[in-house]
Amino acid sequence: MVFNYHLGNRLSNNANKKLLVFGISVNLFAIAYFKYAGFILQNVNAFTDSNYSLGNIVLPLAISFFTFQQIAYLVDSYKGITKEYSFLHYSLFVSFFPQLIAGPIVHHKDMLPQFNRTKAYQLNSNDVAIGLTIFAIGFFKKTVLADGISVYANPVFSLAEQGQSIDFLTAWGGALAYSFQLYFDFSGYSDMAIGLARIFGIVLPLNFYSPYKAANISEFWRRWHMTLSQFLRDYVYIALGGNRKGQASRYTNLMITMLLGGLWHGAGWNFVIWGGLHGLYLVTNHGWQYLLKFAKLDVQDNSFYKYAAWSITMLAVIVGWVFFRAPTLDGALAMLSGMMGMNGIALPNAIFVKLQPLHSLFEAAGITSFLGGGNDFVATWLWIIALTFVALVLPNIQDMFAKHNASLSDLSYDSKNAIWPLKSMVYKLTFIPNKKFAFCSALAFVLGLLTLNQVSEFLYFQF
46 MVFNYHLGNR LSNNANKKLL VFGISVNLFA IAYFKYAGFI LQNVNAFTDS
96 NYSLGNIVLP LAISFFTFQQ IAYLVDSYKG ITKEYSFLHY SLFVSFFPQL
146 IAGPIVHHKD MLPQFNRTKA YQLNSNDVAI GLTIFAIGFF KKTVLADGIS
196 VYANPVFSLA EQGQSIDFLT AWGGALAYSF QLYFDFSGYS DMAIGLARIF
246 GIVLPLNFYS PYKAANISEF WRRWHMTLSQ FLRDYVYIAL GGNRKGQASR
296 YTNLMITMLL GGLWHGAGWN FVIWGGLHGL YLVTNHGWQY LLKFAKLDVQ
346 DNSFYKYAAW SITMLAVIVG WVFFRAPTLD GALAMLSGMM GMNGIALPNA
396 IFVKLQPLHS LFEAAGITSF LGGGNDFVAT WLWIIALTFV ALVLPNIQDM
446 FAKHNASLSD LSYDSKNAIW PLKSMVYKLT FIPNKKFAFC SALAFVLGLL
496 TLNQVSEFLY FQF
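46 is the number of the first residue of the sequence shown in the numbering used here; add one for each residue after it.
Calculated from the structure, these hints are not laboratory results.
Mixed in with the good hints, there may be bad ones.
[Unchecked claim] Mimicking EDC-like on lysine to aspartate or glutamate, the simulated pairs with C-alpha atoms at most 20 Å apart in a straight line are:
| hint | residue 1 | residue 2 |
| --- | --- | --- |
| 1 | 154 | 121 |
| 2 | 448 | 172 |
| 3 | 62 | 343 |
| 4 | 399 | 375 |
| 5 | 258 | 444 |
| 6 | 351 | 264 |
| 7 | 480 | 121 |
| 8 | 128 | 155 |
| 9 | 154 | 279 |
My request is simple: use the sequences and hints to build the entire structure.
This is the structure in C-alpha cells:
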C-alpha cells in the first residue's frame with residue numbers, strides 16, 4: 046500500500062513508463078507468488094517428473110481485488126488523471142472493509158472524492174435506513190437462498206468427482222442448483238457490500254445487475270461482476286489494442302482477456318477453460334452481430350428471437366459454471382456427460398410408481414427408475430422453480446432503490462426491451478422508508494439469522 050501510494054505520486058509528477066512497468070510488475074509478482082506459484086510448480090512437476098515444493102503459501106485475503114485497484118491507480122497516475130490525495134484517504138480507498146473481501150473492484154475516481162467529504166464521517170438516518178434494508182436483503186439472499194439450494198448442488202458434483210454415472214435430470218438439477226447458488230451468493234454479497242457502505246454514507250459502484258436476464262453473452266458480462274468486466278476492458282482489452290486493428294485482432298484480444306479473467310478467478314485449468322469458453326462465447330456473439338449487421342437483418346425486437354437468444358445464452362453460461370464449480374476436468378466432463386443424456390434418464394422410484402399410466406411412454410423413451418432420492422429430487426426442482434422466478438421476475442436492488450441512488454450507476458430497468466411477460470412487477474416493488482419495508486427487512490434479517498447454523502462462506506472469498 047505504501048509502495049503504490051508513493052509510486053503513484055511520482056508517476057503523477059513524472060509520467061515515466063519504465064517506472065509504471067516496474068510498479069505493475071511488482072504488483073503482478075506479488076499476486077503471482079501468493080496465488081499462482083503452487084499451480085505453476087504443480088504443472089512443472091507434472092511435465093518434468095520432478096518434486097519441487099514451496100511449502101504452504103498462505104493466500105492474503107482479497108489480494109485479487111486490492112491488487113487490481115492499485116494497478117488501476119498506478120496506470121491512471123501515469124496518465125495524469127489522478128489528483129493529490131492524502132495517504133490516509135488512499136489507505137481507506139484500498140482497505141474499505143465493505144468491499145474489501147469480494148468486491149466490487151472500486152476505482153479511485155469513484156471513491157476518493159467521497160472520502161474527502163466531511164459527510165462521509167457522519168451518520169445520516171436516511172443513509173442508515175437505506176443501508177440496513179439493502180444489507181438485510183443481501184443477507185437473506187446469501188443465508189436463505191444461496192445456502193438453501195447449495196445442499197442440492199454439492200452432492201451431485203461430489204458424485205461426478207467420484208466418477209459415478211449421473212443421469213440427465215440429476216445432472217441438470219445439480220448444474221442449475223449450483224447456477225442459482227452462485228447467483229444468489231454473489232448477488233447477496235454485492236447487496237451487503239452496498240448496504241454496509243451506504244450506512245456510512247458511501248455509495249459503491251454497481252457490481253451485479255440481474256445477469257440471468259441477459260439476452261446475449263455480451264450483456265451477461267455487462268451485468269455479472271461488472272467492475273471486473275470494466276477493469277478487464279479498460280486495462281487489458283484496450284491495452285492489447287481492443288478493436289482498433291480489425292475483427293481478427295478484436296477476437297484475439299477478447300480471447301486473451303477472457304483467459305486472463307478466468308485465471309484471475311483461480312489457479313486451475315478448469316478456470317482457464319471457463320475463461321476460454323466465455324472468450325469463445327463473446328467472439329461468437331460479436332461475429333453473429335456482425336453478420337446480422339452485414340445482412341441488414343433487424344431481429345432485435347422479434348419475440349421469438351429474444352427468447353431463443355436468452356435460452357442459448359443461459360445454456361452457455363450453465364455449461365461454463367460446470368467447469369467453474371467442478372474441482373477437476375474429469376468431474377466437469379462427468380457432469381456434462383450426464384447433462385447430455387449419455388447416462389440415460391431416470392426418476393426416483395417413489396415418483397416413478399405413481400406415474401404408472403405413463404410407463405409405456407417411459408419405456409419407449411428409455412426412462413428408468415432408481416431407489417431413494419424422491420424427496421431430494423422434488424425439493425431440488427421446487428427450489429429451482431422458485432429461484433427462477435426470483436431471478437427473472439422480481440426487481441433487483443438497483444431497481445428497488447432507483448430513487449435513492451443505491452449505487453454508482455445510471456442503469457435502469459428497460460421495460461421496452463424486457464423479455465419477461467411479468468416485467469411489470471419490477472415497478473411494484475419500489476423502496477419507501479416506511480413501517481412496512483422496515484418490518485419486511487427485519488423479517489428477512491431474522492430469517493437469515495435462523496439459518497446461520499448451516500451457513501457457508503461466500504463463494505467469491507476464494508478469489
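Worksheet item: Against which earlier hints does the structure fall short, listed by number upward?
Response: Structure breaks hints 3, 4 and 7.
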